[in-house]
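With chain A fixed as given, assemble chain B onto it according to the hints.
2 protein chains.
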Amino acid sequence: MNKDFISSEFQLLQDRICKEIETIDGLQLFIEDKWTREEGGGGRTRIIQNGSIIEKGGVAFSKVNGPITDLMKKQMGLDGNEFFATGVSIVLHPTNPHIPIIHMNVRYFEMDNGEYWFGGGIDLTPHYIVPEQAKEFHLGLKNICDKYNSAFYQKFKNWADDYFFIPHRNETRGIGGIFFDHLQANESISKENIFNFCIELGDTFSKLYNYQVECGKYIPATDEQIKWRNLRRGRYVEFNLVNDRGTKFGLVSGGRTESILMSLPANASWEYNYLPINDSKEIQTLDLLKKGLDWML
Amino acid sequence: MNKDFISSEFQLLQDRICKEIETIDGLQLFIEDKWTREEGGGGRTRIIQNGSIIEKGGVAFSKVNGPITDLMKKQMGLDGNEFFATGVSIVLHPTNPHIPIIHMNVRYFEMDNGEYWFGGGIDLTPHYIVPEQAKEFHLGLKNICDKYNSAFYQKFKNWADDYFFIPHRNETRGIGGIFFDHLQANESISKENIFNFCIELGDTFSKLYNYQVECGKYIPATDEQIKWRNLRRGRYVEFNLVNDRGTKFGLVSGGRTESILMSLPANASWEYNYLPINDSKEIQTLDLLKKGLDWML
Numbered sequence: 114m115n116k117d118f119i120s121s122e123f124q125l126l127q128d129r130i131c132k133e134i135e136t137i138d139g140l141q142l143f144i145e146d147k148w149t150r151e152e153g154g155g156g157r158t159r160i161i162q163n164g165s166i167i168e169k170g171g172v173a174f175s176k177v178n179g180p181i182t183d184l185m186k187k188q189m190g191l192d193g194n195e196f197f198a199t200g201v202s203i204v205l206h207p208t209n210p211h212i213p214i215i216h217m218n219v220r221y222f223e224m225d226n227g228e229y230w231f232g233g234g235i236d237l238t239p240h241y242i243v244p245e246q247a248k249e250f251h252l253g254l255k256n257i258c259d260k261y262n263s264a265f266y267q268k269f270k271n272w273a274d275d276y277f278f279i280p281h282r283n284e285t286r287g288i289g290g291i292f293f294d295h296l297q298a299n300e301s302i303s304k305e306n307i308f309n310f311c312i313e314l315g316d317t318f319s320k321l322y323n324y325q326v327e328c329g330k331y332i333p334a335t336d337e338q339i340k341w342r343n344l345r346r347g348r349y350v351e352f353n354l355v356n357d358r359g360t361k362f363g364l365v366s367g368g369r370t371e372s373i374l375m376s377l378p379a380n381a382s383w384e385y386n387y388l389p390i391n392d393s394k395e396i397q398t399l400d401l402l403k404k405g406l407d408w409m410l
Numbered sequence: 114m115n116k117d118f119i120s121s122e123f124q125l126l127q128d129r130i131c132k133e134i135e136t137i138d139g140l141q142l143f144i145e146d147k148w149t150r151e152e153g154g155g156g157r158t159r160i161i162q163n164g165s166i167i168e169k170g171g172v173a174f175s176k177v178n179g180p181i182t183d184l185m186k187k188q189m190g191l192d193g194n195e196f197f198a199t200g201v202s203i204v205l206h207p208t209n210p211h212i213p214i215i216h217m218n219v220r221y222f223e224m225d226n227g228e229y230w231f232g233g234g235i236d237l238t239p240h241y242i243v244p245e246q247a248k249e250f251h252l253g254l255k256n257i258c259d260k261y262n263s264a265f266y267q268k269f270k271n272w273a274d275d276y277f278f279i280p281h282r283n284e285t286r287g288i289g290g291i292f293f294d295h296l297q298a299n300e301s302i303s304k305e306n307i308f309n310f311c312i313e314l315g316d317t318f319s320k321l322y323n324y325q326v327e328c329g330k331y332i333p334a335t336d337e338q339i340k341w342r343n344l345r346r347g348r349y350v351e352f353n354l355v356n357d358r359g360t361k362f363g364l365v366s367g368g369r370t371e372s373i374l375m376s377l378p379a380n381a382s383w384e385y386n387y388l389p390i391n392d393s394k395e396i397q398t399l400d401l402l403k404k405g406l407d408w409m410l
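Each protein sequence line maps, in turn, to chains A and B. Okay, so the first sequence: first residue is 114 according to the working numbering, each after it adds one. Okay, so the second sequence: first residue is 114 according to the working numbering, each after it adds one.
Same shape as in the complex, but just chain A (with noise of 0.2 angstroms):
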């Protein structure tokens, strides 16, 4: 199980990827966008835009090498001189705002010292919260996890409700779902099954937002709610701006912005102050924007 395998086999999800999108679209088809990058490496970003379903979205394929920058070094604790990265990343945000917004990403490091390991992610994150839906969604991924480690689900759910808190806010981006770093073979999963567990949560990706879609995209929704839906996406700008991590490193390292940036929606509000009225489907919302709850009650 050799890096190019590993970049290899992420190219091809993300070709499965896109087309189930597309699928649960119905519109639009994806455009790419080749590139490559001067210290080695490049990737092809596919962006959808307008569709029935997907107002803006992004599937990116990645893989780049070059030597351990100083700024790598401090800020990721690297040692060594040369690395190689490859992944795949996923931000929809949908038009209509009974459909969540979802994000998916699953990645491989490698240094020339061999070290390595694998990273990912997968997050919902609701303008109105469903709790029917938000189980729904923490089973399909507690059912992929617990057939490679019983305790993958609940530690890699903490670990999404700690990643996905927006601490200027004191809220939660949404549901949370799993997040795991730095994760390498041990006594209990071989490299070969952490990689296969990466690739069976990309090929469960379309599934679980489609059920999603189905259960929203018929519900219409009136000028309020699209105001509602702007406010949260100025929220999840904030997030992917002041706190994750990823957005953070890609840029200051001299990433491919637009790449980076495609996780941002086609258009976010803020207003001062903003409280919806008590009682009302946004301040359920709200309230359930928490770290630890249990969606499987």
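Please keep in mind that the hints were generated in silico from the structure rather than gathered at the bench. All C-beta atoms, glycine included, are put in the ideal place defined by N, C-alpha and C. A few of these clues could be false.
Below 25 angstroms or equal to it, Euclidean Cα-Cα: the simulated DMTMM-like pairs (lysine to aspartate or glutamate) are [said to hold, decoys possible]:
| # | chain 1 | residue 1 | chain 2 | residue 2 |
| --- | --- | --- | --- | --- |
| 1 | A | Lys187 | B | Asp183 |
| 2 | A | Lys361 | B | Glu384 |
| 3 | B | Lys403 | A | Glu371 |
| 4 | A | Lys394 | B | Glu284 |
| 5 | A | Lys340 | B | Asp336 |
| 6 | A | Lys330 | B | Glu384 |
| 7 | A | Lys340 | B | Glu284 |
| 8 | A | Lys186 | B | Asp183 |
| 9 | B | Lys320 | B | Asp183 |
| 10 | B | Lys340 | A | Asp146 |
| 11 | A | Lys330 | A | Glu228 |
| 12 | B | Lys340 | A | Asp336 |
| 13 | B | Lys187 | A | Asp275 |
| 14 | A | Lys147 | B | Glu284 |
| 15 | A | Lys340 | B | Glu371 |
| 16 | A | Lys304 | A | Glu228 |
| 17 | A | Lys255 | A | Asp183 |
| 18 | A | Lys147 | B | Glu384 |
| 19 | B | Lys132 | A | Glu384 |
| 20 | B | Lys330 | A | Glu384 |
| 21 | B | Lys147 | A | Glu384 |
| 22 | A | Lys340 | B | Asp183 |
| 23 | B | Lys361 | A | Asp192 |
| 24 | A | Lys361 | B | Asp275 |
| 25 | B | Lys340 | A | Glu284 |
| 26 | B | Lys187 | A | Asp183 |
| 27 | A | Lys132 | B | Glu384 |
| 28 | B | Lys248 | B | Glu313 |
| 29 | A | Lys187 | B | Glu228 |
| 30 | B | Lys186 | A | Asp183 |
| 31 | A | Lys340 | B | Glu337 |
| 32 | A | Lys361 | B | Asp183 |
| 33 | B | Lys361 | A | Glu284 |
In silico contact screen, one side only, chain B against chain A (beta carbon under 7 angstroms); selected entries [what the hints assert, rightly or not]:
| # | residue |
| --- | --- |
| 34 | Ser121 |
| 35 | His281 |
| 36 | Leu354 |
| 37 | Val355 |
| 38 | Leu377 |
| 39 | Tyr385 |
| 40 | Ile396 |
Chain B in isolation, oriented as in the chain A frame:
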């Protein structure tokens, strides 16, 4: 010239500026939010929304004090037990894309060991750069600077070029202005005159902005120009959330989030890899988002 005198003068400055902006807008008045801070001090955040000129803007005064935290020691390189900070901050987002976004800030910081400094800045972010208007803006700033120190303008103009810069876009936020920090009395300027310089900047703010408003307010905006305005607002959001040291420090140090993020526009847009057509006014603006331009030529 003690700290309480400085903060009460800053508070009066806020009053004057708010009145002047209300006159410029001619429709809406500011609403005020008074807040206090557990560790000491508080502020008056004033917001204007949906005006005839200003779509969303804020003029904030604050006066806070408390123990110097480890974070402040680390990020600001401070050495002391207690701090005191007071200032006035302004950001105005106009509705008409032919009127620029404007920002101003004056602040005073003091530690219990007696060390103090002033900081501040004012910069303009036109959605469409008009060189004659940029010249007028910089000329106004130079006139104030020259009254206090013949070296101020060039030094603070360069500082603004460096500060109001978006590295991941390789573009400046706008046409710059002036920026200064850690300004202390020395052989060429007294503490009183630094203070007077800050107050004069504040008192010239509305006159400088009114000129910009008058130049743009009668120019009708097309849908394409509104779209461009929203994309430029997206860049403003990126700068404030990714690059602005004041915003970042405020958010991680537990500042009042709504007051800090009053700088964000009512809405902003992102479109993957958007590039205006050749020879358009939009491209002309992009070409001028560079450091080191002499606007007074």
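Here is how each hint holds up against the structure:
no.: 1; hint: Lys187(A) with Asp183(B); result: holds, 20 angstroms
no.: 2; hint: Lys361(A) with Glu384(B); result: holds, 19 angstroms
no.: 3; hint: Lys403(B) with Glu371(A); result: holds, 20 angstroms
no.: 4; hint: Lys394(A) with Glu284(B); result: violated, 41 angstroms
no.: 5; hint: Lys340(A) with Asp336(B); result: holds, 20 angstroms
no.: 6; hint: Lys330(A) with Glu384(B); result: holds, 23 angstroms
no.: 7; hint: Lys340(A) with Glu284(B); result: violated, 31 angstroms
no.: 8; hint: Lys186(A) with Asp183(B); result: holds, 24 angstroms
no.: 9; hint: Lys320(B) with Asp183(B); result: violated, 41 angstroms
no.: 10; hint: Lys340(B) with Asp146(A); result: holds, 23 angstroms
no.: 11; hint: Lys330(A) with Glu228(A); result: violated, 45 angstroms
no.: 12; hint: Lys340(B) with Asp336(A); result: holds, 20 angstroms
no.: 13; hint: Lys187(B) with Asp275(A); result: holds, 24 angstroms
no.: 14; hint: Lys147(A) with Glu284(B); result: holds, 23 angstroms
no.: 15; hint: Lys340(A) with Glu371(B); result: holds, 18 angstroms
no.: 16; hint: Lys304(A) with Glu228(A); result: holds, 12 angstroms
no.: 17; hint: Lys255(A) with Asp183(A); result: violated, 38 angstroms
no.: 18; hint: Lys147(A) with Glu384(B); result: holds, 17 angstroms
no.: 19; hint: Lys132(B) with Glu384(A); result: holds, 22 angstroms
no.: 20; hint: Lys330(B) with Glu384(A); result: holds, 23 angstroms
no.: 21; hint: Lys147(B) with Glu384(A); result: holds, 17 angstroms
no.: 22; hint: Lys340(A) with Asp183(B); result: violated, 40 angstroms
no.: 23; hint: Lys361(B) with Asp192(A); result: violated, 29 angstroms
no.: 24; hint: Lys361(A) with Asp275(B); result: holds, 20 angstroms
no.: 25; hint: Lys340(B) with Glu284(A); result: violated, 31 angstroms
no.: 26; hint: Lys187(B) with Asp183(A); result: holds, 20 angstroms
no.: 27; hint: Lys132(A) with Glu384(B); result: holds, 22 angstroms
no.: 28; hint: Lys248(B) with Glu313(B); result: holds, 20 angstroms
no.: 29; hint: Lys187(A) with Glu228(B); result: violated, 32 angstroms
no.: 30; hint: Lys186(B) with Asp183(A); result: holds, 24 angstroms
no.: 31; hint: Lys340(A) with Glu337(B); result: holds, 22 angstroms
no.: 32; hint: Lys361(A) with Asp183(B); result: holds, 23 angstroms
no.: 33; hint: Lys361(B) with Glu284(A); result: holds, 18 angstroms
no.: 34; hint: Ser121; result: violated, 25 angstroms
no.: 35; hint: His281; result: holds, 4 angstroms
no.: 36; hint: Leu354; result: holds, 4 angstroms
no.: 37; hint: Val355; result: holds, 5 angstroms
no.: 38; hint: Leu377; result: holds, 4 angstroms
no.: 39; hint: Tyr385; result: holds, 5 angstroms
no.: 40; hint: Ile396; result: violated, 17 angstroms
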